[in-house]
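Undergrad: Sequence:
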Amino acid sequence: MIWMYAPEGKELHATDVASLTELYEFSRKFDWLWVDFLSPDEKESEILTELLGNEKTIVSDIKEGVYNLLYMYTRYEKRHDYTLISLPFVNLEKELEMHPVFVIVKKKMIITWGCQHCPILIKAVIRTLKEHANEGMKANVYFVLSRLLREIVVLNSKVLMSIREKMDKLEEEALEKSGKRMLQSVFGIKKQVSTLHR
0 MIWMYAPEGK ELHATDVASL TELYEFSRKF DWLWVDFLSP DEKESEILTE
50 LLGNEKTIVS DIKEGVYNLL YMYTRYEKRH DYTLISLPFV NLEKELEMHP
100 VFVIVKKKMI ITWGCQHCPI LIKAVIRTLK EHANEGMKAN VYFVLSRLLR
150 EIVVLNSKVL MSIREKMDKL EEEALEKSGK RMLQSVFGIK KQVSTLHR
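With numbering that gives the first Met the number 0, the residue at position 57 of the sequence shown is 56, and numbering never jumps.
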């Protein structure tokens, strides 16, 4: 699914699109645009490819996982008229999972590409963008980027705190019972924490 957002005055306009033509028609009305892709299918991937200057390789590499966990720890990549940034978004449902959120920054457009775990992140940024527009303040692509970074830090910190609480609880139990299995649990959680600190 492709969603587009654009602030105008005190309003945040939002619409979903199914074609590049619809996207360009919507974008002509505004100074800048935020395009959000949620697990794009083949047709949506073609639209993304066109937005990136017909760059099929980068889109297929991201879809195939080439730019996955390893890429999340590298800096950014400057290409043609955009900058590609990969941000690690942490999820802790049953166990620690890390998902990349890809952000493509262009002069008058920011593109986000996430997976099924990312809507909570995107909704938080949309809420902030709406509040910002409602206050009559101007935003731009860098405002959205800064909000994405902030929300990822906040959400990842919550996961980190949850893991630390579990670790403290297990350490207390291990000191009381001093069992081998308990110590393995403590070290397993410490390993998760060190993964987040990288």
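If you're looking for bench data, these hints aren't it; they were derived computationally from the structure. The reader is advised that the hints may include incorrect statements.
FRET-style restraints, in silico, Cβ to Cβ [unchecked claim]:
hint, residue 1, residue 2, range
1, Lys106, Lys168, 47 to 53 angstroms
2, Lys62, Ser161, 14 to 20 angstroms
3, Lys93, Glu49, 36 to 42 angstroms
4, His12, Lys55, 29 to 35 angstroms
5, Glu94, Leu19, 19 to 25 angstroms
6, Lys55, Val152, 30 to 36 angstroms
7, Glu21, Glu130, 24 to 30 angstroms
It should be emphasised that the depicted structure is a prediction, and the values quoted were computed from it without experimental measurement. Using N, Cα and C, we set each Cβ at its ideal position, and we do this for glycine too.
Undergrad: The structure should be examined with respect to each hint, and the outcome stated for every one.
TA: The hints, checked one at a time:
| no. | hint | verdict |
| --- | --- | --- |
| 1 | Lys106 to Lys168: 47 to 53 angstroms | 49 angstroms, holds |
| 2 | Lys62 to Ser161: 14 to 20 angstroms | 31 angstroms, violated |
| 3 | Lys93 to Glu49: 36 to 42 angstroms | 38 angstroms, holds |
| 4 | His12 to Lys55: 29 to 35 angstroms | 30 angstroms, holds |
| 5 | Glu94 to Leu19: 19 to 25 angstroms | 39 angstroms, violated |
| 6 | Lys55 to Val152: 30 to 36 angstroms | 33 angstroms, holds |
| 7 | Glu21 to Glu130: 24 to 30 angstroms | 27 angstroms, holds |
The structure shown violates the earlier hints numbered 2, 5.
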